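Q: Sequence:
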Amino acid sequence: MNPKSKKPNKQRKYQANLALHQKQKRLSVHLSKELRKEYKTRAVPLKKGDLVKVVSGNQFGKTGKVTEVNYDSQRVAIEKIMRKKSDGKEIPILIHASNLMIMELETKDDRRFKNAPAKKKKTHEEAPEKTAAPKKTVAKAKVTAK
1 MNPKSKKPNK QRKYQANLAL HQKQKRLSVH LSKELRKEYK TRAVPLKKGD
51 LVKVVSGNQF GKTGKVTEVN YDSQRVAIEK IMRKKSDGKE IPILIHASNL
101 MIMELETKDD RRFKNAPAKK KKTHEEAPEK TAAPKKTVAK AKVTAK
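Residues in the sequence shown are numbered from 1 upward in steps of one, following the UniProt record's numbering.
Derived by calculation from the structure, the hints in this document are not laboratory data.
Quick caveat, the model's predicted, so the values are computed rather than measured.
The C-beta atom is built at its ideal place from N, Cα and C for all residues, glycine as well.
There could be a bad hint or two in this list.
What the hints assert, rightly or not - Straight-line Cα separation of at most 20 Å, SDA-like style, residue types lysine to any residue; simulated pairs: (1) Lys114 / Val29; (2) Lys65 / Ala77; (3) Lys4 / Tyr14; (4) Lys47 / Lys4; (5) Lys65 / Ile81; (6) Lys48 / Lys4.
Stated by the list, open to error - Label pairs and their calculated CB-CB ranges: (7) Met82 / Ser56: 13 to 23 Å; (8) Asn70 / Met103: 18 to 28 Å; (9) Phe60 / Lys7: 24 to 34 Å; (10) Thr107 / Lys80: 36 to 46 Å; (11) Arg83 / Gly49: 20 to 30 Å; (12) Asn58 / Gln11: 24 to 34 Å; (13) Ile91 / Tyr39: 28 to 38 Å; (14) Ala43 / Lys13: 37 to 47 Å; (15) Leu18 / Lys108: 24 to 34 Å; (16) Lys4 / Ser98: 15 to 25 Å.
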């Protein structure tokens with residue numbers, strides 16, 4: 001029996017009732033190729049101050065800093081992406097996190113990158129060569145019966 005339901009309404013309820021730390025993790029965004037090589041990870045949770053690029057949707061190609069992160073709707077407000085209301089007031093267009101790519105990270109938070117330098121994948125050349133372990137020999141004592 002599958003413990004998770006396939007029903008869309010139950011999936012929406014599950015996502016809406018997640019704890020904040022789980023919602024934040026679901027808001028992870030892909031890194032650019034340069035950042036991916038530097039941090040050796042594919043995606044990181046989005047944070048206010050990150051420089052992002054829109055890779056899908058009506059705002060495709062636009063870049064800007066993240067000004068607001070809404071964990072409930074999984075959407076992000078970006079600095080220069082605005083629309084006008086009928087009364088002339090400008091409001092930010094909220095863009096889903098899956099349509100973004102991080103171009104530059106906000107690095108002021110020490111906790112965000114406390115494990116970053118230590119996380120290093122071994123390549124084939126760097127891996128130590130395997131050598132055969134010496135076989136242990138057990139000396140058998142001679143037992144003489146009287």
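Q: Work down the list of hints and note, for each, if the structure agrees.
A: Now for the hints, and whether the structure bears them out:
1. Distance restraint check for Lys114 and Val29: the Cα-Cα separation of roughly 19 Å lies within the 20 Å cut-off, and the hinted pair is therefore satisfied.
2. With a CA separation close to 9 Å, the supplied pair Lys65 and Ala77 stays within the 20 Å bound.
3. Between the alpha carbons of Lys4 and Tyr14 the distance comes to roughly 9 Å, so the proposed pair stays at or under 20 Å and holds.
4. Our distance criterion of 20 Å between C-alpha atoms is broken by Lys47 and Lys4, whose separation comes to about 29 Å.
5. Distance restraint check for Lys65 and Ile81: the Cα-Cα separation of roughly 10 Å lies within the 20 Å cut-off, and the hinted pair is therefore satisfied.
6. Straight-line distance between C-alpha atoms of Lys48 and Lys4 comes to about 32 Å, which puts the hinted pair past the 20 Å bound.
7. Roughly 19 Å separates the CB atoms of Met82 and Ser56, a value that falls within the hinted 13 to 23 Å.
8. Taken as a hint, the range 18 to 28 Å holds for the pair Asn70 and Met103, whose Cβ atoms sit roughly 21 Å apart.
9. A C-beta distance of roughly 33 Å is found between Phe60 and Lys7, which places it inside the suggested range of 24 to 34 Å.
10. At about 21 Å, the beta-carbon gap between Thr107 and Lys80 misses the expected band of 36 to 46 Å.
11. The beta-carbon spacing between Arg83 and Gly49, approximately 22 Å, falls within the hinted interval of 20 to 30 Å.
12. The hint said 24 to 34 Å for the Cβ distance between Asn58 and Gln11, and at roughly 26 Å that hint holds.
13. Between Ile91 and Tyr39 the C-beta distance comes to about 33 Å, which sits within the given range of 28 to 38 Å.
14. Our hint of 37 to 47 Å for Ala43 and Lys13 is violated, since their Cβ atoms are close to 25 Å apart.
15. Our hint of 24 to 34 Å for Leu18 and Lys108 holds, since their Cβ atoms are close to 27 Å apart.
16. Hint check: Lys4 to Ser98, Cβ distance near 20 Å, so the stated range 15 to 25 Å holds.
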